[in-house]
Amino acid sequence: MIAAALDSGRGSTAGGTGGLPASALLVRESLLAPTRTGIPSRRVPRAACPPVRIAVALMLVLSAATSPAAADDTDQVIVLKAGRVYTVSGAPIDGGIVIVRAGRIEAVGRDLQVPEQARVIELADAVITPGLIDACCAVNFEIPQAASSRVYSAAQPSFWHTLAELQQRRYGDEDRASGTESGGPPSFTTPEGLAAASPPNLTWAEHASEVTPHRLVSDSLNLFSNDFARLMKGGVTTVYVSPDSASVIGSRGTVVKTAGPLSGRVVRRAGAVKATMGSDPSRRGRRNRRPPGRGRPVPPSFHTRRPTTRMGVEWVFRKAFYDAQRARDGLELHGADMPPRQALPVLQQVLDGEIPLRIQARMQHDIFTALRLAAEFKLKFVLEEATEAYRCLPQLKAADVPVIFGPIYMAPTGYRRYSGEANRPRLNTPKQLADAGIEFALTAQELRDEEGLLRQGMYAVRHGLSAEEALRAITATPASLLGLSGKLGVVAPGAAADLVVWNTEPFDATSRPLLVMIDGRVVYEE
Amino acid sequence: MLYTRLGNVACLLAIFGSMAAGAVAACPPPDKVALTGGRIIPVSGAPIEQGTVLIERGKIVAVGKDVEVPYDARVFDVSGKVVFPGMINVHTWRGMDIPNENRPVTPHLDARDALDPSQLFFEDCLRLGTTGVHVIPANNTVIGGVGRVVRPIGMTVAEMTIAEGAFLKISATPRRGHDRMLQMAMLRETFLELDDYLAKLAEKRYEEKLKEDEKEIEVGPAEARKRGRELIRAEDIDDQHRNLLRLRGGQVRVEGEDGPTLFKPLGAFVYCGNAMDVALAVKVANDNGFFARTVLVLGGDCYKAVRELKQAARPVVLPSQLTHRETNPLTGEVRETFVPKEIFEAGLLFALVPGPDDSYAERMLTYQAAQCVRHGIPRDEALRAITLNPAKMLGLEKRLGSIEPGKDAHLVIFSGDPLDFTSVVEKVFIDGILAYEREKDVRLQRLLSSEADQPQEKAE
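Same order as they appear, the protein sequences are chains A and B. If you count the first sequence from 1, position 361 lands on 864 in my numbering, and the numbers rise without skipping. If you count the second sequence from 1, position 62 lands on 647 in my numbering, and the numbers rise without skipping.
Keep in mind that a hint or two might mislead.
A few chain A residues that face chain B, going by a derived Cβ cut-off under 8 Å, partial list only [as the list claims (entries may be wrong)]:
| id | residue |
| --- | --- |
| 1 | T811 |
| 2 | Y893 |
| 3 | P897 |
| 4 | Q898 |
| 5 | K900 |
| 6 | Y912 |
| 7 | M913 |
| 8 | P928 |
| 9 | L930 |
| 10 | D952 |
| 11 | E954 |
| 12 | S969 |
| 13 | E1008 |
| 14 | A1012 |
| 15 | L1018 |
Which chain B residues stay away from chain A? Per the calculated CB distances, all over 12 Å, these [as the list claims (entries may be wrong)]:
| id | residue |
| --- | --- |
| 16 | E778 |
| 17 | I817 |
| 18 | G917 |
| 19 | M949 |
If you are wondering where the hints come from, they were derived from the structure by calculation, not from laboratory data. Since the model is a prediction, treat every value here as computed from it, not as a measurement. Backbone N, C-alpha and C define an ideal beta-carbon position, used for all residues, glycine too.
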C-alpha cells in the first residue's frame, strides 16, 4: 500500500525490497548475519524490524493528512485561457482553453463550455505548454551541515580535482576568470567557498562500493532545497534526480515534482539504475585521495579504489550482471569485484527489464562499450549525456537506444571540462538525433536559468531543431522515458495538470513564465 | 581564414610611422562598399526597411532607402537580413594575457602591453558581432592601469587600436582577503603621494633654477614649491605620476616641446563590487577631480545603492549576471532582482556586458539585451545598451555605436532580428573591411558538423 502511494508506475520498489521503503534495507542488513555464499530471502521477517513498522505507520498518517485529494484548492475548477496552447500530444490550439479539475486536466480545446464557479485565468497573448520535465537533473542539495570542511574532505576525491582545477584556472589559463567580478576564485577556507568549489551533486555518489543499485537517491534528497524553486520558476515542473557518475553502477534516481505540498512531491521513489562508462568512476579511485600536484604521484596500492581504467569499469559492470545471473541460477559467487549481496536482486530486476537502466557515456568508444555490454546481457537502456552521440547515430538507431542529451555547450566547463571526455561537442547534435529518428530528450543537468532546460531547447532550435521537436524533447519524450507517458508532459485530458503559461513563444529569448501550475495548484504567478 | 589578415610590410611601416593615424591607416579599407536591401536598425533612429548603407574608406557616408550606389562600389546584397551597428563590449579584461598586476597601485601600466591579438577571445567577438572592445585591467587591484579600445582584427596592438586608453581602472572594492579600510587608505595615499611628489619636484626645479642663475635661496620651502611648480617639465614626470595627473584632469601645467601644455585628462572605470562601495567610489572621484569622467562598474548587489547612483548620475556598466539572487539568511528564501530594470527606472545611462565564456547564451550581447526586453525594458533602450550607450561612455559616440553618416563602418549582418535567438551573425564589417563570414568560420563549422574531428582517411 505504501509502495502504491509512493510509486505510481513501472520500476517501483515492489519486488526488490518486499514492499518496504528502501530505508528498511539498512535495518535489514544490520540485523541479518552476513553470509558469504547465499543471498537473503526476498521475504523479510517483518517482526525482525519494528522500527520500520513505526515508520510505515507514520508515513500512512502523514500521507492521509496531506494527500492531494484532500487538499483545499484542488477542488476548485481552474480554467486557463491563452492565445495558444501547445498540447504536444496533438496540434497547437490557437485561442485554446484548458479546464483543470482535481489536479488533472479535464478538457482542452477551443470552444469549451466553461464550468460555473470556476476560477478563470485569462491571458490573452500568452502561450501554454506542459510543465517541463528534466529527465536527468543534478539537484543542488543545499544541506547546510554538509558545508564543513571535514565532511567535504571525506566525501569525495573529486573535490580535490575541482580544487586543482580552480587553482589551474587562477594561474595561467588565458580565458578563465582570475579577475572575476567576485574578486577571484572562491576561497576554500569558508563553507561558502567550499560549496562553490564543489560540484553541485557532491553527495549523490555512494562510495561504499562500485555497485550500489540498492541505494536510493531519494534517501538523501532534500526536498526543501532552494534549487527546486529555481527549477520551478524556469518552468520545470518534474525532475528525475539522477545520481552522479562516480560509481560504475550507481544508485537509483527519483522522480519528483519541483513544487507543491510535500506529500505530492515524490512521483516515483526509486527510478532507473544508473551505470557509467568512461573514466568518471575510475578517475576518482586512482589518486588515493591525494590532490593532484600535491606530492609525488602514488602508485596503485592496496588503498587504491578500483577500478582505475576503462577496462576496469567495463569489468565491474560485466561482473556485476554476471554475478546476478549466477546468483539467480543458485551458483556460488567468487572473485574480487563481487557486487554487494543487496545489489543482486536489483540487478536481476534490471536483467528482467523490470527496472530501467541508464548508462552515461560521453565519448564514442564509451557509447560503443555501453552498446556492447547491453547486447551481451540483452539489456534495454537509455543513454545519458552522450556528447559524441553524433558519431554513433547508426549504431544507436540500430540498437533502438533512446538518448537523454545535454547540456549543449561550445566548450565544456567545470567537472565535464576536467573529465577530458567532452572536448568534441557538436551544437547541432539534437538536430542530428532527430534526423536520424532516434528518440531523445534534452536535459540541462546541473544548469539553471539562462542555461536551464527551456534554454537548452532554445539552443537546439537555434541549431536547426524545429520548435515542435524541441518542445517534445523537454516534455513528452522525457515523460515517456520515465515511464509516465500520457500522465505528464502533455496537455491532454487525464494528464496531471502541470502547466506553464509563458508570455510569448517559449523558445523566444524574451520568454518568461507568467504562471506555473503543478497538479492543478498555481505554484507561481507573476 | 577566419578574418581578413591585415598587414604587409608597407602596412607595418605605416603604423610605426604614425601611431596616431592608428589602425585605419594600417591597411586601407576597400574604397566603396554598399550593403543593399537589408533591414537597417540604426539604433539612433527608426529602422529602415530595404535600405542601403554606403561605406567609403571605412566610414559610413549614406544610410537610407534611396541611396544611389556608385558604379565602382563593391555591393553586398543583404536582402532579408538585418544590418545592425557593431556591438561594443565596454568593460573586459579578456584579451590580456594576465588581467591584473600583483601590485596594488599601478597607474603607469597600460593594457596595450598585455594585449594578445591572437587570443581566441577576439575571434569570439567577431563571431558574436562585437566590433569594439574596451580592454582594461581587471578588478583585483587598487589602481590597475589604462585600458584601450580595440577592434577584434589585426595582428598587432597598433592595428587593433580604435582609440588610445582614456580610462584608468580603479577598484573601490578590495581584492579577496583584503579590507576596505586599507583599500581606501591606499587610494588616498596614492593621491597624497602625488602631491608630495610634485611638491618635491617643484622645489628641486626651483633650486636648480636659482643655481643656474647663481642666486641664493631666499624663500622658505613652501614658497619654493609654489614658485617651482611652473618649472616642472613634461619629461620630469614618470609614467606613474603622469597618469595620476591626467586622472586629476591635468591641472598641472607642464613645459612641453610646443610650450606649456596640460596633460590629456584620463577618466576612470571605478569598480564597485558591492552596494557599499558606490558611495566610496563617488567620494574618491569627487575628492580627486575625476568625477565628471567616471564610469561606475557595478557588481551584483549595487542596484541597492540606486539612490546614490541616481544622485551621482554617472554612466554605469552592469554586472554580466543580470539577475541578482540573494538568500535570506533567516528564512533561506531566495530573492531575485533583475538589475537592469532597477537601473533603467533610475534613469541612468547603462551598458550591458557579455557573460562568461562558460555561458552559452549570456555571452551574446544580443541575448543580454533580449533579457532586458523580457523584463519589460523598452526594446530601443535595450539595443542602445549594447551599442550607443557604451560608445558614449567611452567618448566615442561620434565614431561608433550607431549607423549614421560620418561614423566608422562597424556593421553586423544578422540573419534576422538581433534579439531573436535563432538569428546568427552572418557577416561583420569593421571599418569597411569584411572581417567575418559565417560560412568561413572554421571553428564554428566544426561545431556544426556531423563529422568526427580527425577524419581517418590518410594519404597512402
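Query raised in the report: Any hints this thing doesn't respect? Which numbers, in order?
Result: 1, 3, 4, 5, 12, 13, 15, 18, 19
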